[in-house]
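**Student:** Okay, here's what each chain looks like letter by letter:
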Amino acid sequence: MPPSLFAEQLLNGLQFGLMLFLLAAGLTLVFGIMDMINLAHGSLYMIGAYLTATFVGLLGNFWLAVLLAVLGTALVGMLLELTVLRQLYRRDHLSQVLATFALILIINEGVRMIWGSQPLLLSAPEGLSGPVELLPGFSYSAYRLTLIGVGLLVALLLFWLVNRTRVGMWLRAGASNREMAQVMGVPIRPLFTLLFGVGAGLCAIAGAFLGPILAVQIGMGESILILAFVVIVIGGIGSIKGALVGSLLVGMVDTAGRAFLPLLLSQVAPPEVASNLGPALASILIYLLMAAVLFFRPQGLFPVRT
Amino acid sequence: MGGVIVLLLLLAFPPIASAAGLEFYQGLLTKIMIFALAASSLNLILGYGGMVSFGHAAYFGLGAYTAAILVREGVTSGWLIWALAVGLSALLAFFIGAISLRTRGVYFIMITLAFAQMIYYLVVSFKQYGGEDGLRARRPEFGLFELTDTALYYLTLGVLAGALYLLHRLVHSRFGRVLQAIRENESRALALGYPVYRFQLTAFVLAGAMAGLAGVLMAHHTQYASPHLLSWQQSGHLMMMVILGGVGQFWGGALGAAVLLLVEEVLQDLTIHWQLGVGLILLLIVFFAPKGLAGLWRRER
Chain U
4 MPPSLFAEQL LNGLQFGLML FLLAAGLTLV FGIMDMINLA HGSLYMIGAY LTATFVGLLG
64 NFWLAVLLAV LGTALVGMLL ELTVLRQLYR RDHLSQVLAT FALILIINEG VRMIWGSQPL
124 LLSAPEGLSG PVELLPGFSY SAYRLTLIGV GLLVALLLFW LVNRTRVGMW LRAGASNREM
184 AQVMGVPIRP LFTLLFGVGA GLCAIAGAFL GPILAVQIGM GESILILAFV VIVIGGIGSI
244 KGALVGSLLV GMVDTAGRAF LPLLLSQVAP PEVASNLGPA LASILIYLLM AAVLFFRPQG
304 LFPVRT
Chain L
-14 MGGVIVLLLL LAFPPIASAA GLEFYQGLLT KIMIFALAAS SLNLILGYGG MVSFGHAAYF
46 GLGAYTAAIL VREGVTSGWL IWALAVGLSA LLAFFIGAIS LRTRGVYFIM ITLAFAQMIY
106 YLVVSFKQYG GEDGLRARRP EFGLFELTDT ALYYLTLGVL AGALYLLHRL VHSRFGRVLQ
166 AIRENESRAL ALGYPVYRFQ LTAFVLAGAM AGLAGVLMAH HTQYASPHLL SWQQSGHLMM
226 MVILGGVGQF WGGALGAAVL LLVEEVLQDL TIHWQLGVGL ILLLIVFFAP KGLAGLWRRE
286 R
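Chains U and L supply the protein sequences, listed in that same order. Last residue of the first sequence: 309 in our numbering, with the numbers rising by one and none dropped. Last residue of the second sequence: 286 in our numbering, with the numbers rising by one and none dropped.
Wrong hints could be hidden among the right ones.
[As the list claims (entries may be wrong)] Some, not all, of what chain U presents toward chain L, calculated at C-beta under 10 angstroms:
(1) 91
(2) 98
(3) 104
(4) 106
(5) 111
(6) 112
(7) 235
(8) 280
(9) 281
(10) 294
(11) 301
(12) 303
(13) 304
Calculated from the structure, these hints are not laboratory results. Ideal placement from N, C-alpha and C gives every residue a C-beta, glycine not left out.
So here's chain U without its partners, still in its complex pose (with noise of 0.2 angstroms):
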């Protein structure tokens, strides 16, 4: 296997293990905090790459229109905490999953209203639409670069946020035990609808850069929610490093499986066989991976709970 091919597979994970940290983020301090399943976080991520898509053909700048998109997105996610999820703070799981999976069908029907059932078109900006050589020899797609750029920045900002600063600390306060955070002043309920606003914003930035790489349609939230749960189960649930390490071990894992599985299988097995099991045993991967780290370790990688 040429080495070229191997490090581009590897920055390829890497790209997708940091968009999908920004979803997982979120995702995790609502979950590990309030112990609430929100299945409708991946709505947030559908909604930003919309409102990008949308922003890019009315002004013509991508980086505007991302600007834009999270903070229409953001607005958003703060409106749905105020009327709909603060109500199920108190309540069961299986409340919040009813009551999440019927805001994924609401806000997919909305979508379509708005914007019609067909996919939309969101190209990456002109400048970065060809190949930089990183390497003598070695080239690799300038947007998947800024990609990984954007990521490493937003996760450093996010590192930064949640353990130097004051909201940070009551994050994570809130994270550890939240009876005891409230007790000693934590305004958590401000501090909730302030978290949904940035949830949503890094969803819709993980939609707004993945918008020209997979597809702005209906239903794309889904998919990609499926992927975050995985994420944050690994990393253990209610920590932000969780969130990042299982991030970057699903998107390598994922990216590495679709890649080297099909051709490692052509090698041992007849090619029908092959050209059969390779993609769907890369698809499982990831599954695996999981159920693997749940069984070693119940809590996952990074318990917060002690």
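Dock chain L against the given chain U, drawing on the hints supplied.
**Tutor:** Chain L in isolation, oriented as in the chain U frame:
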């Protein structure tokens, strides 16, 4: 008593429907009864056992695919297909349950989902069995009778009635009470000396087998095995039915299946944006009927 009345009404429906030219509704009722069976099986572990399995569609879909594949491979006996499908679903449930039941709470939800996703991708990857497109499933032979739409209706009704009778006996037996005791307080049940894991696993396997049978009936009904039957949205759909009808209420699964499918049917006739209506109704249920519809009814009496 209510159950007997419903049974009599369902028995009388096909001749009345064909006289009135409402054959379409016979098919709809068949579908509702199939989902009532699947949702009731989920309610056994979810409602009575407190095990929130997010992968119940795996057994449902496996049943349907077993039927479709066997018929395609030349197995024509319906009874043999039923036995194999139920056996395979039970086996899969045993395997998944044995591993998943080591975890609790949210982790249990996620690990059952993970296994169901594996089954989904595995089935979809077999191109010779349709892959993403699904697989046609001709109806098998049942020896004594030909499986017409009406025969399937009565067959489904018989299976559903039998299954509900068994479930009723089961949840009111010692086994059912222990299962509910485990749901209420697992450590206490353990301290009382009950083999908690074995009880939970038994219920899990029973539910899986029953969902597998529902899947076979679904394949007979639509004459088609779709990958969608295995999808996580389908697991969610089944869970919606149980929550909507009433978690741990005996009629919860059947009631939820009937109401959700009827609401979907009516809204689909009214508007292309029917999912918006379904979503709003589900949301209202969560806020105003936290114990589900069966709970609402119980409170009013």
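**Student:** Please name the hints from earlier in the document that this structure breaks, with their numbers sorted from lowest to highest.
**Tutor:** 13
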